[in-house]
Structure formats: structure tokens, C-alpha cells
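There are 2 protein chains.
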Amino acid sequence: MQLMHSTDIALRTLIYLGQKQDSATIQEVADAFGIAKTHLMKVVMTLVAANLLSSERGRNGGIRLALDAKQISVGEVIRLMETNLALVVCMKEDVGNDICPLLPRCRLKKVLSKAQDAFFSSLNQSTLADILN
Amino acid sequence: MQLMHSTDIALRTLIYLGQKQDSATIQEVADAFGIAKTHLMKVVMTLVAANLLSSERGRNGGIRLALDAKQISVGEVIRLMETNLALVVCMKEDVGNDICPLLPRCRLKKVLSKAQDAFFSSLNQSTLADILN
Chain P
7 MQLMHSTDIA LRTLIYLGQK QDSATIQEVA DAFGIAKTHL MKVVMTLVAA NLLSSERGRN
67 GGIRLALDAK QISVGEVIRL METNLALVVC MKEDVGNDIC PLLPRCRLKK VLSKAQDAFF
127 SSLNQSTLAD ILN
Chain A
7 MQLMHSTDIA LRTLIYLGQK QDSATIQEVA DAFGIAKTHL MKVVMTLVAA NLLSSERGRN
67 GGIRLALDAK QISVGEVIRL METNLALVVC MKEDVGNDIC PLLPRCRLKK VLSKAQDAFF
127 SSLNQSTLAD ILN
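First to last, the sequence lines map onto chains P and A. Positions in the first sequence are counted from 1; adding 6 to them yields my numbering. Positions in the second sequence are counted from 1; adding 6 to them yields my numbering.
Isolated chain P (complex conformation) (with noise of 0.2 Å):
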């Protein structure tokens, strides 16, 4: 059970603006964490796209928080990045029901579905902020 390497460096990227209170070069972050420029541009690509990351250019640009960190949902980022929710197979949206035997008689979709409601649900209740404090 784990969130994606990309989830992961949206979570950093994000504590990582909110702890310095000002804007930072992807160069900065990237480094900070160790890990390609590349890879992160993609990560910050898609929070700006979603207006959580503000882009400044020129030379004292760079990205800063786009909302209060009050605002930024954790469960909201996780479902943002998380690009395969299907916990296991039978969940992912393009696998018919005749893929499987045990079909029509099994409920583990439902049960799996039910936890992973909750496991957002809590995620909902915590902001950016309740992170950094």
C-alpha cells in the first residue's frame, strides 16, 4: 500500500513552500529533496494546472502557494496526483465484470471501496496547514 513517487514530491513540494513562506526556484526545491528537475517540473505542471502552485517568471520568479495554506486540501492533492485509485484489479474502471469468476457473487470491490472512502474522508479533514503547524 503505497502513493505514487509523483504524490509524494506534490506533498514535499508543497510543505516545503508553505514552511518557507516565500517563492522558490524548481531548482531549489528539487534539490532539496534530491531529485530530478525534470520529474518535478511535471509535478508542478500539474499543481499549477489545478491552482494550488502559482508560476512567476523572470529573475526573481519562481513558484509560490497559490492559496492560503488553510485552503489546500491534503485528501485533495492525494486525489489529484494519484492517477490509479484501483486498489486492485477489478477496480479500475476498464476491466468489465466478465473478466473475473468469482463475479457476480463478490463484494470485495464494495468493502475496498467502503475503506478507501474513509482513508479520504480523514484525508479531507487536514489541510496544508494542519501539516506545517
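Keep in mind that the hints were calculated from the coordinates and are not lab data. Hints are supplied without guarantee of correctness; some may be wrong.
Below, a list of computed lysine to aspartate or glutamate pairs in the EDC-like style, where the Cα atoms sit at most 20 Å apart [stated by the list, open to error]:
1. K120/P to E88/A
2. K116/P to E34/A
3. K76/P to E34/P
4. K26/P to E62/P
5. K26/P to E88/P
6. K116/P to E82/A
7. K120/A to E88/P
8. K115/A to D136/P
All figures in this text were calculated on a predicted structure; none of them were measured in a lab.
Mind docking chain A on chain P? Use the hints.
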């Protein structure tokens, strides 16, 4: 956010045997899910060691549930099979507190651990019998 393939197979093996209400050979279960017999054998060994399955040798041998389906907690099966519950890097037990520049002013681990507890609390309320019904 995904569970390991071995966890998926463990759950489906238990469901298969619960639906069949009888023993099955490892080959039969492997064929049902189109997976390698060697991979399934490793999963079965873990489930037998945890007293969730019993294994019988001989002509009519095979594997069967060692407990009533009502006694098999879905949460316990998933905890047993998931060898890595570190959602992000800093949740790994062997990672020291000095690895991340965000520390000690970061509560990410705490927020994620709480959500993971909510995930397992939900799963602990369900047994194999709930999946079969």
C-alpha cells in the same frame, strides 16, 4: 494507491474457496485467475502459515479455508500480505529523521498514518463472509 498483486491474489483465493465451500487444488485456483502456479504457491504458503488456509496432501488433497468465513477479517488479510505499508518514503521504519529537510516541522506522517488507520478500521469491520454474501 494500489495494493500489492500478492494481496489481490490472496483475497481472491480466499473468496474462491469460500464460494466453492470445498477444497481446491492450487492448479485449479491458478487456472481460474490466469496466474502462475509458482506465484500462487508463495501466497498460499503465507496464508497457511497464518492459519487462514489449511493444506491437505494426497489424491484428494488441496487447500481449503481453515476458519469459518465470518472469522476471517479482511483487514487482517491485507495487513498480513502488504509487506510495505509506508505510503510515502518517510513512513519507512528504516528511514531516519535526518533524511528530509522538512523535519522536524512536518506532520505529514501523522496525517497519513491517521488516514491509513481509518482505512484499516473500515476493513476490520468486514469479514470474508461479508464479501461472499
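Where does the structure disagree with the numbered hints, that is, which hint numbers, in rising order? Hint check: 2, 3, 5 fail, others pass.
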